Amino acid sequence: MDYTQLGRSGLEVSRLCLGTMNFGQWTPEAEAHAIMDSARGHGINYLDTANVYGDSAGKGGTEKIIGNWFARGGARREGTVLATKLYGDMSGLPNEGKLSALNIRRALDASLTRLQTDYIDVYQFHHIDRNTPWDEIWQAMETAVAQGKILYAGSSNFAGWHIATAQAEAKRRNFTGLVSEQSIYNLLTRDIELEVIPSAVSNGLGIIPWSPLQGGLLAGVLRKEQEGKRRLEGKVSELLERNRAAIGQYEDFCAELGHEPGDVGLAWLLHQPAVTAPIVGPRTLGQLDAAVRALTVSLDSASLTRLDEIFPGRRPAPEHYAW
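Under this note's numbering, think of the first position of the sequence shown as 243, with each following residue one higher.
Among the clues, some could well be false.
[To be verified] Pairs of lysine-lysine residues, derived as BS3-like cross-links and limited to a Cα-Cα distance of at most 30 angstroms, are as follows:
hint, residue 1, residue 2
1, Lys466, Lys391
2, Lys477, Lys466
3, Lys306, Lys391
4, Lys391, Lys413
5, Lys301, Lys413
[Stated by the list, open to error] Across the chosen pairs, the derived CB separations fall in these ranges:
hint, residue 1, residue 2, range
6, Tyr245, Gln381, 30 to 38 angstroms
7, Thr547, Ser479, 29 to 37 angstroms
8, Leu527, Thr385, 38 to 46 angstroms
9, Ala388, Ala497, 41 to 49 angstroms
10, Asp360, Arg414, 24 to 32 angstroms
11, Ser444, Asp244, 34 to 42 angstroms
12, Ser298, Trp565, 47 to 55 angstroms
13, Ala276, Arg414, 19 to 27 angstroms
14, Ser444, Gly555, 31 to 39 angstroms
15, Asp360, Pro515, 31 to 39 angstroms
16, Gln381, Lys466, 45 to 53 angstroms
17, Arg250, Asp377, 20 to 28 angstroms
18, Trp565, Thr538, 36 to 44 angstroms
Hints in this document: simulated from the structure, not taken from any laboratory.
Quantities reported herein were computed from a predicted structural model and do not represent experimental measurements.
The beta-carbon is built from N, C-alpha and C at its ideal position, and this holds for glycine as well.
Let's have the full structure, built from the sequences with the hints guiding it.
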């Protein structure tokens with residue numbers, strides 16, 4: 243496993259990040275623990291979750307599963323760079339969501355309890371809060387850092403100008419600010435190349451892509467469809483129909499390369515200079531093993547050019563749409 247620094251921080255993280263959104267929803271606790279143990283064996287030290295994850299296990303259920311895993315000892319917590327998120331409404335009561343100073347305090351303490359730890363390495367804003375001023379947000383985060391409850395701050399689903407504003411306000415307070423941004427990013431969805439990636443690079447943030455295979459559309463969906471192994475519905479099905487020709491070309495090209503489509507999709511992200519670590523969210527041990535396999539895939543310049551031809555990207559704004 244290769245490691246790299248998270249943004250401009252000194253924190254070293256693995257080139258793959260283990261996402262846990264399926265834990266408690268599709269993956270029972272015992273299997274989730276086995277997946278985390280296996281990820282640890284592969285050298286993955288970066289684990290991402292959120293306080294709202296859990297679904298059928300209830301909000302907070304995923305953090306509880308992780309906390310129980312930490313409680314098993316064996317340096318599980320010490321060997322993990324733990325990232326969790328807040329923003330989502332946890333109860334329906336006032337001040338139980340978003341980024342007010344009150345909710346940051348309450349949500350952080352609740353996550354620490356569920357996770358059975360006394361600190362979080364990267365505490366992330368799951369979404370921009372347009373109603374809370376940055377002075378309030380950063381003051382609350384500064385307090386949490388001073389208390390030793392968090393070490394770094396990160397964002398998720400921010401626009402480029404949100405990142406720039408957050409960093410400017412943090413600098414004014416002599417605070418570190420953000421070290422990472424989680425955004426949807428893959429061969430099919432490349433919108434963050436317009437402004438988010440340039441802003442992140444300029445402000446020293448590492449990019450952590452979520453949905454790196456676009457809900458499975460970049461993981462050999464057409465072949466699985468032909469074999470009767472997968473049937474898509476709703477928005478994913480509509481996205482497939484809009485991109486069926488390109489996905490067909492992609493799967494054919496992956497066959498020429500001699501690699502599985504999912505491996506190529508992850509490897510493409512790992513070849514993007516702004517990307518720190520894609521988030522892989524396995525439901526099973528087999529899916530984790532497949533994700534790790536992508537680390538061995540090397541794409542030359544001709545292969546990268548061909549992938550750009552199949553799935554055209556975005557140039558940084560304003561050059562993408564103006565002279």
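Among all the numbered hints in the text so far, which are the ones the structure does not match?
-> 1, 5, 9, 11, 13 and 14
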